[in-house]
Amino acid sequence: MADKKATRESYGRALAELGEKYDFLVLDADLAAATKTGMFKKKFPERFFDCGIAEGNMMCVAAGIAATGKKVFASSFAMFAAGRAFEQVRNAIGYPHLNVKIGATHAGITVGEDGATHQCNEDIALMRTIPGMTVICPADATEAYAAVEAAINTDGPMYLRFGRYAVPDLTPELIPDYKFEIGKGVCYREGKDVTLVATGYMVHLAIEAADMLKEEGIDAGVINIHTVKPIDKDIIVRAAKQSGALVTAEEHSVIGGLGSAVAETVAESCPVPVLRVGVEDSYGRSGQVPELLEIYGLTAKNIYEKAKAAISLKR
Amino acid sequence: MDQSTKLKLKKLANNVRQGIIEAVYNAKCGHPGGSLSIADILTYLYFAEMNVDPNNPKDEGRDRFVLSKGHTAPGLYSTLAERGFFPKEELKTLRKTASRLQGHPDMKGVPGVDMSTGSLGLGFSTACGMALSAKVSGDSYRVYSILGDGESEEGQVWEAAMFASHYKLDNLVAILDLNGLQIDGPITDVMNPTPHDEKFRAFGWHVITIDAHDFDSIEAAFLEARAVKGKPTVIIAKSVKGKGVSYMENSCEWHGQAPKEDLYLVAVADLKKIEDELK
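Line by line, the protein sequences give chains A and B. For any residue, its number in the working numbering is found by taking its place in the first sequence, counting from 1, and adding 597. For any residue, its number in the working numbering is found by taking its place in the second sequence, counting from 1, and adding 46.
Hints should not be assumed to be uniformly reliable.
With a Cα cut of at most 35 Å, we get these calculated DSBU-like pairs of lysine-lysine [as the list claims (entries may be wrong)]:
1. A:K667 x B:K154
2. B:K154 x A:K618
3. B:K325 x A:K639
4. B:K275 x A:K640
5. B:K104 x A:K668
6. B:K104 x A:K618
7. B:K277 x A:K618
8. B:K275 x B:K104
9. A:K638 x B:K275
10. B:K56 x B:K325
11. B:K56 x A:K638
12. A:K639 x B:K181
13. B:K74 x B:K54
14. B:K214 x A:K640
15. A:K667 x B:K214
16. B:K154 x A:K781
17. A:K911 x A:K830
18. B:K275 x A:K668
19. A:K668 x B:K277
20. B:K275 x A:K667
Hint data in this document are derived by calculation from the structure and do not stem from the laboratory.
This is chain A alone, in the form it adopts within the complex (with noise of 0.2 Å):
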């Protein structure tokens, strides 16, 4: 079993690491120590800047920064980088296009105990309206890594979601000769009869559904599209032709997300039976992780389950 690693410790690692070979700023409202930020500036203090709890000061001073030509991350959690900070974010780094890498993690329901408030299920669909936003969601620890190393290595604003809980690190076993491509969806396996579409945390249970639906002669494809925006629409409608039928699972809500990212791809180009995995219309709770996991069915067996329903849709 591959190891399992919280995405958002592969940020903070990527940061420190990646510091020696690039320039680039870091600036964090307080939570270093939770979004790992902190591995950084212990080894860059005077490259590191604390803006303290003011979500929407720091999104603006890095706006700045990118102003005058330097590389900067802002990070803080999902809820407050793309929720309380939206509008700043949307104006002072969106509408210029500048070249502001927003790290935010504790995204999703597996912030687990904090509950509600801190439980992120929207920042998917608020980062994706944002005209010229990069939204990329990394599936594991591998993965997250060469995100960090590619939106560094790429000009324009930039949404990159981490998680707190830890995932199987799948990518090495999977692909050995792994090359992260932003905007490139990832195709682990192809089906004839259905196709699983996972981004973060509900790839590896991707996997896991398809070898359960392969137990009973169900041919499941799975693709990760670890950028849902610009999303790879190639990919998803090749996948939709040669299944005709697909399962999106997204630790987000299941409006606005990847569910509908996927869905607005094959309506427009070759539509075919779409069931949506991810939060339903509806907030998360304090309880620990696997508990919620399987309240709010983002387990294998909901993909599954979506999977031979999405099949019995096929016309």
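Fit chain B to the known structure of chain A by using the hints.
Structure of chain B alone, referenced to chain A:
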């Protein structure tokens, strides 16, 4: 300040005011009141204080300016045009679809605009980011930002004020345009943000209070700000909203509307009279 410099600045500021009226009248909308109130400060910044080059507007070593009260874009545009960043004739295209002169400043489109602003409170924070960036790399450029007094009701202004003094941004100068009026009425009636001087002092700033229309005071304030080390400076500039146009002075009504032809002609005559007096 010597008399000839002062006369030159007064003439330039009057030209800026004439440009504001032309722009807003042709747009049939916009924000003349708060543009007119900052015309003298803008003129001093772009003609006496800041190191900028209209022929090289993206020069990395230039001083930066952020109009945090972005709705007074006509004031900034008219100043930039007067300084030669783009033709003055273009002011008449303000707010039109084919124009780069958006209703609020767009740094991607307009030469000389260092930051896109419009949503109040945001610009001031971006100015802090620019000033911090200069500190990090040891650059000597300075950063200036004009805030509205109504804008100071935004909580983010005080987040930025805290940030600037925490990081000892003595290369940052904020100018608070204290004209006392906002859309819904006097600032003290709508949501009293005063006293600004005591608030900024409590936030760790060096505070200077001046008459926003007196070039001697303006010059003295910016010179004093340059000498302040270890903390940012705010210049609280007591101004007259609508300054220079008789019927717009001290009136909330002219915060965000354009004059129709009859009143446009009155504004033109008011400013022409000032022009003649300065000859």
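Okay, the hints, checked on the actual structure:
1. Proximity of K667 of chain A to K154 of chain B is assessed by CA-CA distance (about 17 Å); at most 35 Å being required, the pair is judged to hold.
2. Taking the CA atoms of K154 of chain B and K618 of chain A, the gap is near 30 Å; set against the 35 Å cutoff, the hint holds.
3. With a C-alpha separation of about 63 Å, the suggested pair K325 of chain B and K639 of chain A falls outside the 35 Å cut-off, and the hint is violated.
4. Taking the CA atoms of K275 of chain B and K640 of chain A, the gap is about 29 Å. The hint holds against a cut of 35 Å.
5. Annotation: proposed proximity of K104 of chain B to K668 of chain A holds, straight-line Cα distance about 17 Å (limit 35 Å).
6. A hinted pair counts as satisfied when its Cα atoms are at most 35 Å apart, and K104 of chain B with K618 of chain A qualifies at roughly 27 Å.
7. Restraint check for K277 of chain B and K618 of chain A: satisfied, since their Cα atoms lie roughly 33 Å apart, inside the 35 Å limit.
8. For the given pair, K275 of chain B sits about 27 Å from K104 of chain B by alpha-carbon distance, which is consistent with the 35 Å threshold.
9. With a C-alpha separation of about 26 Å, the suggested pairing of K638 of chain A with K275 of chain B holds against the 35 Å cut-off.
10. For the proposed pair K56 of chain B and K325 of chain B, the alpha carbon gap of about 11 Å is at most 35 Å, so the pair holds.
11. Taking the CA atoms of K56 of chain B and K638 of chain A, the gap is near 50 Å; set against the 35 Å cutoff, the hint is violated.
12. Distance check on the hinted pair: K639 of chain A and K181 of chain B sit about 20 Å apart at the alpha-carbon level, within 35 Å; holds.
13. Simply put, K74 of chain B and K54 of chain B have alpha-carbon atoms about 30 Å apart, close enough for the 35 Å limit, and the pair holds.
14. Distance restraint check for K214 of chain B and K640 of chain A: the Cα-Cα separation of roughly 23 Å lies within the 35 Å cut-off, and the hinted pair is therefore satisfied.
15. Restraint check for K667 of chain A and K214 of chain B: satisfied, since their Cα atoms lie roughly 20 Å apart, inside the 35 Å limit.
16. A C-alpha spacing of about 28 Å is found between K154 of chain B and K781 of chain A, which places the hinted pair at or below 35 Å, so the restraint holds.
17. A distance of roughly 21 Å separates the Cα atoms of K911 of chain A and K830 of chain A; the hinted pair therefore holds under the 35 Å criterion.
18. For the given pair, K275 of chain B sits about 27 Å from K668 of chain A by alpha-carbon distance, which is consistent with the 35 Å threshold.
19. Taking the CA atoms of K668 of chain A and K277 of chain B, the gap is near 25 Å; set against the 35 Å cutoff, the hint holds.
20. Between K275 of chain B and K667 of chain A, the direct Cα distance comes to roughly 25 Å. Compliance with the 35 Å bound is thereby established for this hinted pair.
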